[in-house]
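Chemist: So you can see what is in the structure, the chains are spelled out below.
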Amino acid sequence: MISELFTTTVLIGILASGIRLATPYLYAAIGEAFGQKSGVLNLGVEGQMLLGCFAAFYVALTTGNLWLGLLAAMIVGALMGLAMAFVTVNLHAQQGISGIGFYLFGLGMSDLLFQKLLGTVETVKGFPKIYFPGLSDIPGIGEIFFSQNILVYGAYLLVPLAWFVLNKTTLGLKIRAVGENPDAADSLGVSVARVRYFTIVLGGTLSGIAGASLSIALLNVFQQNMTSGLGFIAVALVYFGAWKPVGVLAGALLFSMVNSLQLWIQVLGIPVPSDIAVMMPYILTILVLVATVSRVRAPSALTKPFERED
Amino acid sequence: MKKFALLLTVVLTLSLALTACGPKATEAPVIETAAPVVTEAPAAEPFRVAVVMPSAINDLAFSQSMYDALLRIQEEMGGPDNFEIVYSENMFVVDDAAAAIRDYASQGFNLVIAHGSQYGSSLQEIAPDFPETSFAWGTTVDTFGQPNIFAYEAASQEGGYVNGVLAATLSQTGTIGVVGPIETGDAKLYVDGFMAGVAATNPSITVNVNYIGSFSDVALASEAASTHLSAGADVLTGTAQMVVGAIGKAEEAGALWFGTQSNQSSLAPSIVVASQVYHWEVALREMIALIKAGTLGGQSFVANLENGGEVIEFNPDYAISDEAKALAESTIKGIVDGTITITLP
Numbered sequence: 001m002i003s004e005l006f007t008t009t010v011l012i013g014i015l016a017s018g019i020r021l022a023t024p025y026l027y028a029a030i031g032e033a034f035g036q037k038s039g040v041l042n043l044g045v046e047g048q049m050l051l052g053c054f055a056a057f058y059v060a061l062t063t064g065n066l067w068l069g070l071l072a073a074m075i076v077g078a079l080m081g082l083a084m085a086f087v088t089v090n091l092h093a094q095q096g097i098s099g100i101g102f103y104l105f106g107l108g109m110s111d112l113l114f115q116k117l118l119g120t121v122e123t124v125k126g127f128p129k130i131y132f133p134g135l136s137d138i139p140g141i142g143e144i145f146f147s148q149n150i151l152v153y154g155a156y157l158l159v160p161l162a163w164f165v166l167n168k169t170t171l172g173l174k175i176r177a178v179g180e181n182p183d184a185a186d187s188l189g190v191s192v193a194r195v196r197y198f199t200i201v202l203g204g205t206l207s208g209i210a211g212a213s214l215s216i217a218l219l220n221v222f223q224q225n226m227t228s229g230l231g232f233i234a235v236a237l238v239y240f241g242a243w244k245p246v247g248v249l250a251g252a253l254l255f256s257m258v259n260s261l262q263l264w265i266q267v268l269g270i271p272v273p274s275d276i277a278v279m280m281p282y283i284l285t286i287l288v289l290v291a292t293v294s295r296v297r298a299p300s301a302l303t304k305p306f307e308r309e310d
Numbered sequence: 001m002k003k004f005a006l007l008l009t010v011v012l013t014l015s016l017a018l019t020a021c022g023p024k025a026t027e028a029p030v031i032e033t034a035a036p037v038v039t040e041a042p043a044a045e046p047f048r049v050a051v052v053m054p055s056a057i058n059d060l061a062f063s064q065s066m067y068d069a070l071l072r073i074q075e076e077m078g079g080p081d082n083f084e085i086v087y088s089e090n091m092f093v094v095d096d097a098a099a100a101i102r103d104y105a106s107q108g109f110n111l112v113i114a115h116g117s118q119y120g121s122s123l124q125e126i127a128p129d130f131p132e133t134s135f136a137w138g139t140t141v142d143t144f145g146q147p148n149i150f151a152y153e154a155a156s157q158e159g160g161y162v163n164g165v166l167a168a169t170l171s172q173t174g175t176i177g178v179v180g181p182i183e184t185g186d187a188k189l190y191v192d193g194f195m196a197g198v199a200a201t202n203p204s205i206t207v208n209v210n211y212i213g214s215f216s217d218v219a220l221a222s223e224a225a226s227t228h229l230s231a232g233a234d235v236l237t238g239t240a241q242m243v244v245g246a247i248g249k250a251e252e253a254g255a256l257w258f259g260t261q262s263n264q265s266s267l268a269p270s271i272v273v274a275s276q277v278y279h280w281e282v283a284l285r286e287m288i289a290l291i292k293a294g295t296l297g298g299q300s301f302v303a304n305l306e307n308g309g310e311v312i313e314f315n316p317d318y319a320i321s322d323e324a325k326a327l328a329e330s331t332i333k334g335i336v337d338g339t340i341t342i343t344l345p
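Protein sequence lines correspond, in order, to chains B and L. The opening residue of the first sequence carries number 1 in this note's numbering; numbering runs sequentially from there. The opening residue of the second sequence carries number 1 in this note's numbering; numbering runs sequentially from there.
Read the hints as simulated data drawn from the structure, not as lab findings. Quick caveat, the model's predicted, so the values are computed rather than measured. One or more hints might be untrue.
[Unchecked claim] The following label-pair restraints were derived from C-beta to C-beta distances:
| hint | chain 1 | residue 1 | chain 2 | residue 2 | range |
| --- | --- | --- | --- | --- | --- |
| 1 | B | PHE86 | L | THR295 | 52 to 60 Å |
| 2 | B | PRO273 | L | GLN118 | 19 to 27 Å |
| 3 | B | PHE6 | L | PRO345 | 23 to 31 Å |
| 4 | L | THR295 | B | VAL288 | 56 to 64 Å |
| 5 | L | ALA324 | B | ILE270 | 31 to 39 Å |
[Stated by the list, open to error] Non-contacting residues of chain L with respect to chain B, defined by C-beta distances greater than 10 Å in every case (computed):
| hint | residue |
| --- | --- |
| 6 | ASN82 |
| 7 | PRO131 |
| 8 | GLU132 |
| 9 | ASN307 |
| 10 | THR341 |
Even for Gly, the Cβ is constructed at its ideal location relative to N, Cα and C.
With the hints as constraints, model all of the structure from the sequences given.
Modeler: Written out as structure tokens, the structure reads:
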């Protein structure tokens, strides 16, 4: 039965589904990576995603315009980011606790809005799969790479873009400087507050898109707590990926592929208890973390509020 | 300043979050009845019921099945003046649920329902402290031998069997997919019954089962459905509230869907064939009658096809063939009169 895993149907299935599953992780984790690179840990990603999910779904449902839905999710995520930035940058609040607070706020608020504005589980017609003439018809490859929706492609384009911004631009240099040595950056005239505001709001916006990718592109429904811990996995993926966009991509893909692998293991009737199968992606993630984490170093100023000494 | 800011954030956000999803006691909407059927003189004191549920009252699944049943009882008993319903939803944290159960009991409700097998051990501790209050919990048959606890469960394997028979008849490809939450309780009964129904109808059909390890992970439920579709399934079913993700994928691929717990036709009118719907009112009616007569617990109830606690509801928008519908009806009849026995693994 193990050999059944290596048929083309199964391999194509695992790859196509892994690429889809990784989409929300990529948006959320790359946004989080920007924040952490500048020294801010945001544990509120899950809450930002949930509100993004709801905003995108509700606006898309009522206006019939998916792009407006996406925009709404981005605005809601950015506002959540703005609030997080105010609390952590201006008020110097402890980052971990504030993040949990924002998570609970997002969880509760999205639920409340759902109850008041929708009342029941509904469906919406989400972003369609894009058809590439010729390419989409290639057996296997077409199904894996050329039959996804626009938000899936966006997530993968974000990876090189984030790498470029972080490593090849002045902005990226400022972000890294603020995360490693805010005092030095400050003495060179870089506004620590402004850089952190930028990264946290950017992170919120991307978390909003992550939510939208679920509610109006991949699943096309809204249900309470539908992110179901996805935002916290995204935070873990930033550590997993050693604060590098490519590392985040590798982690997101690994986690998602193993998750789709375990679905196939059950479908093919390979005798592994379902409880063990569903644990596989988590166990693997922990193992890889243990094996790699000692070799990478977190941004020095991560979780430390910046206060000017004068 | 720093401490103050921290405190402020935590207090503000927590209070907001808790008001939205915490143990809130929400009054059920008033159901207007044209001609309330009141067989007895309206009691001066209304019968008061409180229910604690793991998900939302509109989850199109487990929690909604109980809430809808309570609304129907309220209608039967002549509206909110005679039958008061108060609920706490989204009590996925068992500790919060336990606090809510205790609150309701101390407020003097006649019946406090803990709608979720995960609440059992909390209830076992709470019930002896309130000997005047009647408690009910499900899905289970265990009353812990306590005189003020009722237990209720659904014979989900029966509706699962009927759905399985129909699914086997309608499948063209010979492969059927099942999306389950966690391999336990009500979900396992339904899935096992469904598989027995398929096997009894056409043993050559392959049923692939996927337990995703969560009641809430909509994204993974959706990918589980995709996996079934790639493996060749053209008929899918699934149980628990996260299946909304799976139904969407089935609809996209034009595969058929069989629902359970609540009527799921509204989610995808073109592909839902039928849903097994729980009508907990059969158990609730008996409990209420017993409570009024002074018996506060000690008995367990089963909702099944025979007593009307389970009903197979067809989707009017799906054109099912007369033969298939007749087959479903004869299967239901067979289960009720005992000519069909369901063997579970």
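Chemist: Now tell me if each hint is right for this structure.
Modeler: Verification of the hints:
1. PHE86/B x THR295/L: 52 to 60 Å: Between PHE86/B and THR295/L, where Cβ atoms are some 59 Å apart, the hint holds.
2. PRO273/B x GLN118/L: 19 to 27 Å: holds, 20 Å
3. PHE6/B x PRO345/L: 23 to 31 Å: 29 Å Cβ-Cβ, so the 23 to 31 Å window holds.
4. THR295/L x VAL288/B: 56 to 64 Å: At roughly 58 Å between Cβ atoms, VAL288/B and THR295/L fall inside 56 to 64 Å, so the hint holds.
5. ALA324/L x ILE270/B: 31 to 39 Å: holds, 33 Å
6. ASN82: holds, 26 Å
7. PRO131: Check passes; 35 Å lies beyond 10 Å.
8. GLU132: holds, 33 Å
9. ASN307: At about 28 Å from chain B, ASN307/L clears the 10 Å cut-off, so the statement holds.
10. THR341: holds, 26 Å
Checked against the numbered hints given earlier, this structure breaks none of them.
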